[in-house]
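Could you build all of it, start to finish, from the sequences and the hints given here?
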Amino acid sequence: MSDQDIKSKRPLSPHLQVYKPQMTSVMSILHRATGVFLSLFAVLLLLGFTLSVLMGAERYDQFVSLLGSFFGRGILFALSVCIFYHMFNGIRHLFWDSGKLFKIENAQYAGAFVLLGTGAATLAYWYCAYHYALK
Amino acid sequence: MPYYKEGAEFEAPLKTVKGHGSAKSGTHHWIHQRITAVASLFLVPWALWAVHSHIIGASHDEVVAWLSQPLNTILGILLVITMHYHAVLGLQVVVEDYIHKEWLKILKLVGQKLLYTASAIACIYALIQIAN
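Respectively, the protein sequence lines represent chains A and B.
Per numbering that gives the first Met the number 0, the first sequence starts with residue 0, numbered consecutively.
Per numbering that gives the first Met the number 0, the second sequence starts with residue 0, numbered consecutively.
To be clear about the criterion: a stretch of chain B counts as covered by chain A if any three or more of its residues have a C-beta under 8 Å from a C-beta of chain A, and this derived list gives those stretches:
1) 30 to 40
2) 45 to 52
3) 61 to 71
4) 77 to 84
5) 88 to 96
6) 118 to 127
These are computed hints drawn from the structure, not numbers from a lab.
Virtual Cβ for every residue (Gly too), placed ideally from N, Cα, C.
See below:
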């Protein structure tokens with residue numbers, strides 16, 4: 000029996016194309032997607048911030064105006080959504096790690112909580128940014 | 000079926016597992032991912048608060064003065080280490096799950112570890128220099 004024959008006999012994972020999306024599975028892949036996004040842009044933000052502060056006032060002002068541009072604010076908004084989602088859903092994962100929330104309806108309630116929390120936290124954060132911090 | 004035992008169709012041939020060592024470090028990876036996650040639960044809200052109260056609208060001098068306070072330098076360095084390490088651990092799982100070409104997988108795993116190490120060192124160097 001060749002390697003190919005063995006591979007074709009192995010059990011397959013679910014075919015995503017014909018699978019009805021469920022809240023749990025969509026939120027699971029979103030955790031990964033936001034994680035990948037954060038590992039690129041949050042790290043770039045840290046790097047850009049620390050290095051531009053080090054390089055002096057002129058570079059720092061350039062960095063700040065880049066973030067303040069339309070494009071920069073878009074990235075920052077996406078970053079904030081990803082941070083809150085990944086943080087809240089990460090807490091949900093930590094509950095699972097400790098053996099809780101395994102009943103489907105509990106997993107779904109916690110999921111709804113994560114989604115609502117993400118929306119509320121993002122709105123609150125940007126409301127504060129415009130009404131308090133930016134003044 | 001020349002050399003496989005009856006009912007052993009799902010066994011990996013020896014040659015495909017040779018050279019990878021025994022699976023002794025999976026738990027270690029899993030635990031480190033959780034430790035950095037819990038650390039982030041404290042450090043990230045601190046950073047989000049700092050952005051609002053000390054960074055937005057502040058001049059370069061004010062940002063330098065704030066970052067130079069010992070507690071802020073230390074928390075900043077901890078944030079950099081935690082985030083870079085957590086990111087590398089997470090990206091490693093993603094690469095292992097989705098990339099099946101062996102050479103490309105190794106290249107990505109080693110490449111991202113080197114890149115993130117370099118990035119973390121650059122951030123830490125900058126934070127220490129700013130505080131000086």
